[in-house]
Amino acid sequence: MSVLYLVVPLALVIVAVGVAGYLWAVKNGQMDDLETPGIRVIRDEQ
Amino acid sequence: MATTVTPSPIARAITLECTHCGLPALGVEASDGSVFCCSACATAYAMINEHGLGAYHGFTERRSAAVTPSGRGFIDFDHEAFQSRYVTRGADGLAHVELALEGVHCVSCVWLIERVPLLVTGVARAELDVRQSRASVTWDPASTDLSAIARTLDALGYTPHPYRGGARALLRRKEDRAMLVRIGVAGAIAANVMLAAVALYAGELNTMDAASLSLFRWISFALTIPALVWPGRVFFTSAWAALRTGTIHMDVPIALALGAAFTRGAINTVTGSGPVYFDGVCALVFLLLVGRFLQARGQRAATDATEQLFALTPATARLVQLDDSILDVPADAVGVGSVIAVHAGETIPVDGEVVSGESTLNRAILTGESADVQVEVGDTVYAGTLNRTTELRVKVHASGEDSRIARILAQVDESARRCAPVVLLADRLASRVVAVVLVLAVVTYAIWASRDPSAAWDHVIALLIVTCPCALALATPLAMSAAVGRAARAGIFVKGGDTLESLSRPGWLVLDKTGTLTLGETTLVSWTGDDALQPMILALESASTHPIAAGFRRAWVGVAPSHDFSATHTIGGGITGTVDGHAMLIGSPRFIAAQLPDARWSDWPTDDGYTPVIVAVDGSIVARATFGDAIRDDAAASLATLRARGWRTMLLSGDAESVSQRVGTALGFAPSEIVAEASPEEKAARVRALVEASGAGRTPPCVAMVGDGVNDAAAIAAATVGIGVHGGAEASLATADVAMTRDGLAALVALDDGARRSMRVIRNNIAWAFGYNALGVTLAMSGQITPLIAAIMMPASSLTVVLASWLGRTFTPETR
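Each protein sequence line maps, in turn, to chains A and B. If you're matching positions, the first sequence starts at 4 in this note's numbering and goes up one per residue. If you're matching positions, the second sequence starts at 513 in this note's numbering and goes up one per residue.
Only chain B is shown next, with the shape it has when bound in the complex (with noise of 0.2 Å):
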C-alpha cells in the first residue's frame, strides 16, 4: 500500500472522506495512507484493525458520524459500590452487568460491539440489543476489569453507563411477553379455524357429506372457544371496564360482536343449521392483538428515552472520611456538608464547591459549550460535568435528586407525562363510529323483528361483523409503523407514531444555534492575505492545541508546514516565532498592537460576531483571517422551504447576544425570533410557553424544538416534537421524539415531507375503511348480505389497508 498520497491540495480538501466515519477528513493521516477527521477516529481505526476486525470498514451501511469518546477513565465500574449494584456474578466465576451505550443507531454497530471479546481479552460474550442501546456482557473478572472494557468501548464511540431501568424493564419484558404469548396462540387458532372454513365453504359449493360438514363446524366451535377465553380475553375485560366507569371506547363493539357472532355460530352448531362465523372472530381477534402490539411497541420506545438520561450521572461517590481515608458510597447518599474526590477523568457526581485543587471541566452537558472551564476554590461545580485534568475535593451542597442536572431531568421527565396523549385520528373516529353502531345494531334489530324475525338476529350479526372497527383500527398504527420503518432507513428515528401526526401540523419551530444551525466547531469563515504565508503559519499554529490552530489546520488540510521554525505561545493572545528567518507574529487585534504599536491595521475590514485573527510578518501586518462557527450551507435553503409550509421559526440559543443576532439575522430571522443566552431552564420555559399558547384544544398546531446538547434535553422534551440532529449529544436524541443521524438541516425537511405523506397515507385509510363501512352498512341493515359475506367482506377491507400502508410512499431514502 502506498505510504504517502499527496495530491493537490484542493483536491483533497474536496475528495477525502474519513476512513472510519466517512465524514469530510480534515486532518490526521495514518502511515498507511488512510486519512481521518480526528483523532478518536484514528485511534478507533487502529484498534479495529490490530484485531482483525479490518471487515467493519467493508460496511456500505455504517455510522457515519465522528468517534466522541468521552475520554473517562471508568475507574467507578470497578469500585466495590458499583460492582454490588450493578455486576451479577455467575456460578462459573464469570461476571455479567447492563451497560446502556451512547451512540448506537446503526446495524454494522451490531458487529463491532458483539466483537469486543476479540479486543478485550477476558470478555466472554457482548450482546447488544439495538432497540435499547443496552450491551449485556460477560467477563472473566480473574483476567480484565470492567473498566478496561468500558474504555475499550468509549474509544469505540460507544460510551458506556451502568443500565438502571432493570425493575422497570422485567415488568415490561412480562407485558411484551404476554402479548407475544397471545399473538401467537390467536394467530395459530385463526390459521386452523380459517383452514376448517375453507373446507366448509368449498363443502357448500360442492356435496359434503352430513357428518364432516358437522365434524369441521365441532372442530372450529372447539377452536374457537380457547381463541376467546385465553388471547380474547382481553377484549371482554376492557369492554367490560369501560362499561363500569359509564364510558364507550372501542373494545365494546368489538367485544359485543365477538360475543354475538360466537353466540350465534355456537346455537347453529348444536342445532346443524345456519351459518357459523368461527372464522371470522378468531381472525379478528388476531388482528386486532397485532395491530396493537405494533401501537405499544411505537409508544415504548418514547418512554425508553427518559431513562436512558439518569445513566449520565456517576453511580458511584469517592467519600472523604475524617481520618482522610476514602469511602465508595453510592452517590444518592452524600450528605449535605460532606466533602469527596474528584479523580481526572470523572464525572463529578454531586452539586458542589471546590475547597481543593484545581482543574478544567467540561460543562457540556449542563450548559452546551464544547469548551472546557477554569476552576479554583472556591467555584461552583455541578454534578454531571467531567473533571479533566487534576483531582478536585468538593463540598457537596446537593446530591441525588437535589442536583441541577437531576432537576433538569426531572423536568423532562415531567414535561414527558403531563404531554397529553396525543388521541390519533382513528381512535377520535373509532368512538364516534361506535356509538353510531350500536345504535344501528339496535335500529336494524327493531326493524327486521317485525318483519321477519327468523333474520333480524342474521342481519344485526352480519352488520357487527362489517363494521367491525377492524380496519379502522389498523390504519393507523399498521401505517404509523411502516412509515417509522421507511423513516429509519432515510437516517431519520421516530419514536412513537403520533409524533408524525403531530408534526403534519405546522407550528412552531425551534431551532438551537450551535451545532443545530452552525457546524459547532471553529471554522476559518475568510482569509485575507498571500496564500504564501499558509505553510508558516501552519508551522507556527502546529505545536498549539487552541481552536484557532486546529480550525487553520482543517482549513488547510494538505498544506505542508515549512520545517524550520521557532514559536513561543502567549496564553490568551498569540504565537511569536520565526519561520524561514522571517520574524512572524499571529493573534488577536490587542495583541498585535501590544507588539507592534506602530503598525496599521484599524483600516482591515471587521466582521461582526467573528473572532479576527491578525498575521505580521517582519514586522508589518500582512493578512487577516477571521474565525467563526460557521453557518451550515444548507441551513437558509431548508429553513425557507420550512417557513413556506407554514412553520414558523425561532432561533433559541444560549450563546451570547451578538453570535445569535449575527447567525440568526443571516438566516432571515426577525429579531422578535431570537432569543440568545438562555439557559437551558429558560429554553424549556420558552418552549413551554410556546406549547401552552398554541392552544390546549384536539389539534393543536405543532410546537417542534430542535436542538443537539444536553442544554436542550429539557426543552425537547417539553416541546410537542422534539428533534436531536446529527452529531447531538445522546441525552439530547435519548430525549427526542426525533433523533437524526442525517447531516444538515435537509433532513428536518425530510421529516416534514414524510410527516405530510405518513397522514396522507392515513387519511385514505380511514377513508377507505369508512366508506366500505357504510356500504356494509346499508347493504347489512336492507338485509343483503348474509354474515358469511360480512365476514368475507371485514377482513378484505384490513387486507386493502395493510397494502395501502405498506407501500405508502412516505420517507424516501437519502439520495447522494
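The shape of chain A in the complex, shown without the other chains (with noise of 0.2 Å):
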C-alpha cells in the first residue's frame, strides 16, 4: 500500500489547487451576485 504515500499527498495537492482557483474566484467578485448569472444562461438560449 506504498503508493498510498505518493497518491494521497497528490489528491490533497489538487485540493489545495481547487481551493486556490475557488479563492481566487471569489476574491475577483465572481460569486458576488449569485442569481443574475444562472438565468442569464436560460434567457441567452432562446
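None of these hints come from the bench; they were simulated from the model. Please note: incorrect hints may appear among the correct ones.
Beta-carbon label-pair distances, calculated as ranges [what the hints assert, rightly or not]:
1) Lys686(B) <-> Ile17(A): 28 to 38 Å
2) Gly997(B) <-> Ala28(A): 22 to 32 Å
3) Val741(B) <-> Ala28(A): 16 to 26 Å
4) Ala1055(B) <-> Asn31(A): 58 to 68 Å
5) Ala1149(B) <-> Asn31(A): 24 to 34 Å
6) Arg745(B) <-> Asn31(A): 19 to 29 Å
7) Pro653(B) <-> Pro40(A): 41 to 51 Å
8) Val848(B) <-> Ala28(A): 46 to 56 Å
9) Ser5(A) <-> Pro738(B): 19 to 29 Å
10) Asp1265(B) <-> Val16(A): 45 to 55 Å
As the structure is a prediction and not an experimental result, all values here were calculated from the model. Glycine included, C-beta positions come from ideal geometry on N, C-alpha and C.
From these two lone chains plus the hints, build me the complex, please.
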C-alpha cells in the first residue's frame, strides 16, 4: 500500500489547487451575484 | 400579418391581453394587430421590436405589470454635479455608473436590460444584479449621454436612480466574500476528511495494515487543524465573546463539542488508539456555516430595501444665483432661503414655496393620488414631487434631511430598526437546549468517572456530538429559504424568513384602499341608457384626456366611435357638440342643469360616492353613467377567508370619508374599522399604535399593513409585516417585507396559506431534531453509543431536516 504515500499527498495538492482557484474566483467577484448569471444563461438560449 | 382585427366587442373585451405586459388590453391598438393596455406599453413594445429584440415577447415568464414610465427628462443625469458624484471614468475613455432600477421583478428583465447596448448606441455594457435591482452601465460619453440611456430604461418601465449605497455595498461585499471563502474552505476540507473517514471505516471492517490506518488518521488530523483555525474560528471567537459577557448562546456548546472532539481525536491519533472524530468536526463546521450564510442572505434583503428609497429624490439642484445664472449644486447643500429652478419633467429636490411660474405637479410620492395638481406662486411644494409642465422657481424652506420626504423616509428607517429582531423559534429553543446539554455533559462525566473512568470521556464526547444543535440550527433557515424560494416562484417575494413566522400569528390586517382594495383607476360602474349611444359618446370624448373619457374608452373597447362630430370642452363641466346631426351634452349633473334648466334629471338613481355623468341628446336626458374606483373582484372573498382565519381587518385610506365608507361597507368592514383622510404620517402612527397595542410579548400577534403607494411606505415599515401589492409604487415595494407580483387580494390568502405551511414544516423539523436529540442523549448517557455512532447519527438527522425542508409543500405556484 506504499502507493498511498504518493497518491494521497497528490490528491491533497489537487484539492489545494481547487481551493486556490475558488478563492481567486471569490476575490475576483465571480460569486458576488449568485442569482443573475443563472437566469442569464437560460435566457441567452432562447 | 392582418392589419385589422375586428371581432365582436364583447369577445374582444373578454379575451384580449396587452401584447407587451399581458394585462387586459383596453385601449391602444397598433397597426400590426397587437393591442395594449396603455400607450406606455405600446411605446416599449415598439422600441423592443424596432431593435430586433422581439424574442422578449416570446418569454412565457415575463413582467406582468403595465409599463409605468416616470416621463422624466433625466437631464440632471448629465450635469457635472451628478457626474462627479456617481460616474467613474475608465482609462479607455468609457464612463461607468451604478443605477438603482425600479420595477425589476422577474427573470426576463435581466434579458431585456442587458440588451440596452442594442437599444442605445454608445452603450458598451449593461449588467443587472437582480437581487439588488442594480444595473451597472458602461458607455462611451462621446457618442451618447447618460440621460438618453436613462430615458430608454425609463421607457421600458425601469425608472433609473443613482445608486447611493456605495460605501455600505463595499462593506457588505467584503462580508459576503469572507463568508463564501469560509464555506468553500470548510466544504473542501470536510469532503476530504470524509473520504479519509470512509477509508478508515472500511478499514475497520476489513483488515487495513497499521501503517495505512495511521496515515489516514494523521491526514484527517492535519486537515482538521486548518478547518478549525480558519473557517471554524468564528465559532470559537463568538463563544468566547459570549462567555466573557456572561451569556450563553448556541456557539458555546458548538465550540465546546468542536474543541473536545478535536482534542480527544488528536490524543487518539498520537497514541494510535481509539476513534478520531475529525469527520464529524469538519462536517459540523461546514453545515453550520452554510446555515448561517442562508440566514444572513435572507436578512440582508430587508436592509437593501430602505436604501433604495433614498434614490427617489434628485441628487442635484439648480441654484439660481444673484446674476440669474444657474449653478448645479448637490441637493443637500442648498441653503434655506435661496431660490432654485425646477425644469419641466424634473423632480423637485427641496421643500419650498413657488416664487415664479405655474405648473402641474404629480404628488403621488407623498399623497398616493395619481391625479396631477395645479400649483402657482405662493403654493408650497415638496421634495420628491414631479414637476410636469413648465419651469418653476422655488424658494427653499427645507432641503436634504429636513425635507418632508426625508423625514418620512427617516421614519421608515427608524421603524425598520426599532422593530425588535424576531427571535426565531429554533434560536429560542436552542439557547435552552444549550444549557441543558452542558449540564447533562457534566452529569454524564460525573456518573461515568466513578464507574468506568476510561470510557467517561468517550461518552461525554458522544453526548456533545449527538446533541449538536446542528439540525436545530438548520431547521429554521433552511425551511425558510426553501419556502421563500417557492413563494418567489408563486409571485410572492418575501424578504427574510422571520416574516413568515410573524404572518403565521394572525392579528390585525390593515389595508390601504386605492389600488389595494380597488383597481385604482376611474372605471365605468354603471350605465343606464341605450347602447346605440355608445359610438356617439366615444366620438365626443375621443379628443379628451380627462379620466372620465379614458374610463369610457376602457369600458367600451371595440366600439367604433362615430366619425361625423364636433365637440367643445368646458373645463370642469362637460362637453357640448354635435354627432351625426344630433346636439349632444355630456357632463356632470350641474353642467347639464345649467345647459338644460328644463330637463328633469333628479329622478335618476343616485349612488353615493360615485361620480355621475349625464348624457343629453337634442335637449332631453337619455342616459346616465356613474364612474368610480371599482373594487377588485376577489377582494370580498379574500377578506372573508382571512377574517375566518382570525385576522382582524382595518381600512386605512387617504381618500375622502364618503368613498372610504362606501368601499369599506361593501367589503364588510365595521364602521370603527374604517379610517379615512389619513396622511402618510397618520397612517404610520395608526399602524404603530396597533403594533404597540398588540403587546410586546415574545410572540405578539402580527400587524400586517397592505398598501401600494409611497404614502403607505412609512406605515408599511412600521407594521410587523409590510406587504406591497401588485403594481404598487416602488417605494412601498422596497420597504415592504413582502412584495406581490400577483394581481389582486387572492395573493394575500396564498401568502397566509404559505406562511402557515412553512411554519408547520419548521415545527416538524424542530420536533424531529428534538426527538432525535432526546434519543441520542439517552443512548449517550447510558453509554450505549460510541462517539463514532454519534458522529454518524448527527448528520443523518441534519439530512432529514434538509430533505423535509426542500420537499415541504409550502407555497404553490399560481394556477390560472
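Okay, the hints, checked on the actual structure:
no., hint, in the structure
1, Lys686(B) <-> Ile17(A): 28 to 38 Å, "29 Å, holds"
2, Gly997(B) <-> Ala28(A): 22 to 32 Å, "24 Å, holds"
3, Val741(B) <-> Ala28(A): 16 to 26 Å, "23 Å, holds"
4, Ala1055(B) <-> Asn31(A): 58 to 68 Å, "59 Å, holds"
5, Ala1149(B) <-> Asn31(A): 24 to 34 Å, "53 Å, violated"
6, Arg745(B) <-> Asn31(A): 19 to 29 Å, "24 Å, holds"
7, Pro653(B) <-> Pro40(A): 41 to 51 Å, "28 Å, violated"
8, Val848(B) <-> Ala28(A): 46 to 56 Å, "51 Å, holds"
9, Ser5(A) <-> Pro738(B): 19 to 29 Å, "26 Å, holds"
10, Asp1265(B) <-> Val16(A): 45 to 55 Å, "53 Å, holds"
Hints 5, 7 from the earlier list are contradicted by this structure; the remaining hints agree with it.
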